[in-house]
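K.L.:
Take the given structure of chain A and dock chain B to it, following the hints.
From first to last, the protein sequence lines are chains A and B. Residues 71 to 199 (this note's numbering) are what the first sequence spells out, left to right. Residues 71 to 199 (this note's numbering) are what the second sequence spells out, left to right.
Fair warning: there could be bad hints in the mix.
One-sided excerpt, in silico: chain A residues whose CB lies under 7 angstroms from chain B [unchecked claim]:
1. Y82
2. L87
3. A181
Simulated restraints on C-beta separations [unchecked claim]:
4. E142(A) x K143(B): 53 to 63 angstroms
5. P150(A) x V132(B): 36 to 46 angstroms
6. E146(A) x R131(B): 48 to 58 angstroms
7. Q173(A) x R155(B): 16 to 26 angstroms
Rather than coming from a laboratory, the hints here were simulated on the basis of the structure. Glycine included, C-beta positions come from ideal geometry on N, C-alpha and C.
Here is how the chains run, residue by residue.
There are 2 protein chains.
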Amino acid sequence: MKSKSRSNEGRYAYEGLDRVIHERARLSVLTSLITHPRGLTFADLKELCALTDGNLSRHLRVLEQAKLVEIEKGQEHNRPLTVCRITSMGRKRYADYLSILEQVVRDAARAGNEESAREFIGDLIPSRS
Amino acid sequence: MKSKSRSNEGRYAYEGLDRVIHERARLSVLTSLITHPRGLTFADLKELCALTDGNLSRHLRVLEQAKLVEIEKGQEHNRPLTVCRITSMGRKRYADYLSILEQVVRDAARAGNEESAREFIGDLIPSRS
Chain A
71 MKSKSRSNEG RYAYEGLDRV IHERARLSVL TSLITHPRGL TFADLKELCA LTDGNLSRHL
131 RVLEQAKLVE IEKGQEHNRP LTVCRITSMG RKRYADYLSI LEQVVRDAAR AGNEESAREF
191 IGDLIPSRS
Chain B
71 MKSKSRSNEG RYAYEGLDRV IHERARLSVL TSLITHPRGL TFADLKELCA LTDGNLSRHL
131 RVLEQAKLVE IEKGQEHNRP LTVCRITSMG RKRYADYLSI LEQVVRDAAR AGNEESAREF
191 IGDLIPSRS
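Chain A with its partners taken away, still in its complex shape (with noise of 0.2 angstroms):
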């Protein structure tokens, strides 16, 4: 409980969290998207991410918005088929994104207190003797 070193500013403010992407959501579209680099049809991503036509609509116009993924509408068998994909800065930002998460399963795993993400990471860190 003694005061903190001017060092420690931030330390745990994880700046880099990325709001657009970090809304749970946006995440699990994103992530789909990017373990599907091909792109994912608007019916597979409702699947994959559980989520309803309004809600999956309302994000993907967000991230579109964001420019970190395109939208295709196209037709198959006459049909209106709507093809998702992640764009190359909505993998950039992604990345970035993803580095900030592993700062935090990193932080809380150095607390020494949190064995799931101990086994997690291994040998990475440290240990403190």
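P.N.:
Just chain B now, kept in the frame of chain A:
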């Protein structure tokens, strides 16, 4: 882009991503507290999380109402001193939350194009041969 089987229902939904914890400022506060099991003063938390007085108070209130933190108002050298600690329920909920974050990192790594995540989790992810 082919249809996914039913087994993919909610595959990337991350249902366990606790909304109380996921909000960036609260994630910041809880990670600070989990790394300081003896507690942190209001001033220390403010610094570590780079939050204003008002924002920190607001988020602490949410965390206290959810019984994830406890706040002790005392005195030191005749001056008021507020000390915040994570509760045992807070630890449990944070650990559950963290296991979902780890799943996000694993899923992104599996995409095979997230170098940082791949280095991070190393040999834990089997190669897709």
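K.L.:
Hints first: check each against the structure and report whether it holds.
P.N.:
How the hints compare with the structure:
no. : hint                                  : result
1   : Y82                                   : holds, 4 angstroms
2   : L87                                   : holds, 5 angstroms
3   : A181                                  : holds, 4 angstroms
4   : E142(A) x K143(B): 53 to 63 angstroms : holds, 57 angstroms
5   : P150(A) x V132(B): 36 to 46 angstroms : holds, 43 angstroms
6   : E146(A) x R131(B): 48 to 58 angstroms : holds, 51 angstroms
7   : Q173(A) x R155(B): 16 to 26 angstroms : holds, 23 angstroms
In summary, this structure violates none of the numbered hints.
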